[in-house]
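Colleague: Residue-level listing of the chains:
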Amino acid sequence: MYDPRPTKYPMPVQDPERRRNSFGEVALGYDEETAVKEASRCLHCKARPCMNGCPVSVRIPDFIAEIAAGNFEGAYGIIAETSSLPAVCGRVCPQEKQCEKFCVRGGKGEPVGIGRLERFAADYHYAHAKEGTDLPARNGHRVAVVGSGPAGLACAGELAKRGCEVTVFEALHEAGGVLMYGIPEFRLPKEIVEREIGRLRSLGVKIETDSVIGRLYTVEELKTELGFEAVFLGTGAGLPRFMGIKGEGAKGVFSANEYLTRANLMKAYEEDSETPIYRGKRVAVVGGGNVAMDAARMARRLGAEVTIVYRRGMEELPARREEVEHAKEEGIAFRLLANPVEILTDGDNNAIGLKCVEMELGQPDGSGRRSPVARVGSEFTIEADCVIMALGTSPNPLIRATTEGLATGPHGEIAADEEGRTSLEGVFAGGDAVTGSATVILAMGAGKRAAESIIRYLKGRK
Amino acid sequence: MVRILTRRELNPNVTMIEVEAPRIAEKALAGQFVILRVDGRGERIPLTIAGTDRERGAVAVIFQVVGGTTMALNEKRAGDTLADFVGPLGNPTDIAGVKKAVVVGGGVGCAIALPVARRLKEAGAAVHSVIGFRSKEFVILAEEFRALSDSFAVTTDDGIFGERGNVCLPLKKLLEEETFDAVYAIGPLPMMKFVAAATEPYRVRTIASMNPIMIDGTGMCGCCRVRVGGEMKFACVDGPDFDAHKIDFDEAIARNRAYLSFEAEARERHCNLYKKENN
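Residue numbers (our numbering), protein chains in the order written: chain Z, 1 to 462; chain R, 1 to 279.
Hint data in this document are derived by calculation from the structure and do not stem from the laboratory. You may find that some hints are simply not true.
Claimed, not checked - One-sided excerpt, in silico: chain R residues whose CB lies under 7 Å from chain Z:
| hint | residue |
| --- | --- |
| 1 | Arg-41 |
| 2 | Val-65 |
| 3 | Thr-69 |
| 4 | Ala-78 |
| 5 | Thr-81 |
| 6 | Asp-84 |
| 7 | Val-86 |
| 8 | Pro-88 |
| 9 | Asp-243 |
Using N, Cα and C, we set each Cβ at its ideal position, and we do this for glycine too.
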């Protein structure tokens, strides 16, 4: 039965007052009844424009139809055909820029809550299904996957399903990449990531943590010494960017990566963690993406007054809309159209403030975004004893510096074609390591496509 | 999990352990480091590799007790395990083309200077060593340096052992007398700063090994950033060795003190626990 309600059924969330001190997940998820109602808002239009917005082409109207019919497990099955990490993507995909952007219902009112429904189906599945532990028939091929973030996990999962013997090498002490160190618990519970990794292990995937490829073994040595027939590089875009302004070396200035790694991976906010985290009283977060929102909301939970400083306006914030809304609800201030020019310090090199200039939006640049221009004489200061730089990241140099013959692009990204093939035979790459910082779903899609390509390569070699 | 093979106290503050890590032992070169975690709740700390024994698959690290983690590490004995031991990280010390060098070690930094001196010697270079300590009871590895060096000097602040004063005096004397291809400085930041100032007038290439605070050691956190020649470098992937004449030591010194209060707190926590257990 079609439901003409113009807006999405609201997502139950933790109370904003309470969640300022809570690291638990903010969005609580639909119950069965609400999910069925929300699914009934889908028009099932013929053109299926939502699918064009999905980087991995999930059969969206089909899974929504299953939910509307109460067949939740069937819905999960449809999503899982194309998405490797449904519980993750339902939570972290920027749906308003992808599937939901194209939803016809969005023309008058709100689009169907596709992300919320995806999350519901995945959570339902994990709560009810008994995972079969039947190992797929082995095909005798051995593949190494470097990095256990979204690209690596998706690639490893697909290869394992197809019968390859897969070993994933992870530099950190826990698998999951950005899903573990970057995205906070309150947005993506680590239990979900661990469950996904457990699922890969049950498919026979081996995970070697504490293994920095490029150092412990080079890419070449993975093939020659360890005998892997193909290697997938999903090493991500790990290197944090800074602005190059005065005072960035001061104490109390962090990259968002450092701040979030201390909090998420090292659990610095928990009493019994040995890792210290700087608990600023007034925190300024520079940047407007999801990582900036994550860092700001983490700082808020650690007791700070937080201001987000972004050089464009509210409309231009690249973060997911929902994260911006949650940040506002939690009392985070936004100082928009402002750009830092200097971090002010005291005599002992501690950060004490952020000197900024006001910006105005000029002509659209090549990417179509209006580029901000500084207004002369508009300098002002934000008091801050902690400044977190969330300006994006660049590809990690370790692999390119230690892999002879691996072609890279102008920003140090690994050069790979649509199918993930690099300049080296048997070496494939995908995700942020190739594209620069992007999204979980794009990385996952790239990992999956590369897995297909690796299978073709292995068959061709036989 | 990795196993501790041997443990030896070099002086009241400094301990050496050998850890079973055959692949790291095989790959590591002088100047590289490891990151370790003592247990599953522990922080990640970087320690420079002090030596390797490929036959036994052993990697040696030497540490000074400064905070909670190094205290916990110091309580481990041979046969105990560590949660994580990752490496070899960073770039090896560059010795290409160096025929004659001075290796300057300060305090616990001597543990890292020794493998650099050894590698230079093995590559056929003449090695002149200058090592310095606060006072006699902190002297480590003096005999090892003496044995492999073409000339050797040891200083202590109080002059009770070796020459009185700091490493710069014997270093300047060497630079006055002869010309060198390179000076390698490994020790506390203020010492490396003074060495850089001392060698600058002689226009001798001077390399300092930085050991900033780190988390991942693979370029991800940016915590180990060091200003070199006005540019921001990450010690873990761009270093840990840099041109000492270009390093902003004052900023590095301030940054290294960022967690002093946490360290003091952690020490206290560990001591109190220790007291409780012993009462």
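Colleague: None of the hints should be skipped; say for each whether it holds.
Modeller: Cross-check of the supplied hints:
1. The criterion of a C-beta within 7 Å of any C-beta in chain Z is met by R:Arg-41, whose closest approach is roughly 6 Å, and the hint holds.
2. Taken as an interface hint, R:Val-65 does not check out: its beta carbon lies about 14 Å from the nearest beta carbon of chain Z, beyond 7 Å.
3. Checking R:Thr-69 against chain Z: minimum C-beta separation of about 6 Å stays under 7 Å; hint holds.
4. About 21 Å separates the beta-carbon of R:Ala-78 from the nearest beta-carbon of chain Z, more than 7 Å, and the hint is not met.
5. Here the hint on R:Thr-81 is broken, as its CB sits about 13 Å from the closest CB of chain Z, past 7 Å.
6. A cut of 7 Å between beta carbons decides the hint on R:Asp-84: the least distance to chain Z is about 5 Å, and the hint holds.
7. The interface hint given for R:Val-86 is met, as the beta carbon of that residue sits about 5 Å from the closest beta carbon of chain Z, less than 7 Å.
8. For R:Pro-88, the interface hint holds, since its Cβ comes within 7 Å of a Cβ in chain Z; the closest pair sits about 6 Å apart.
9. Interface restraint check: R:Asp-243 against chain Z, minimum CB-CB distance 17 Å, threshold 7 Å, status violated.
Of the numbered hints given earlier, the model fails hints 2, 4, 5 and 9; all others are met.
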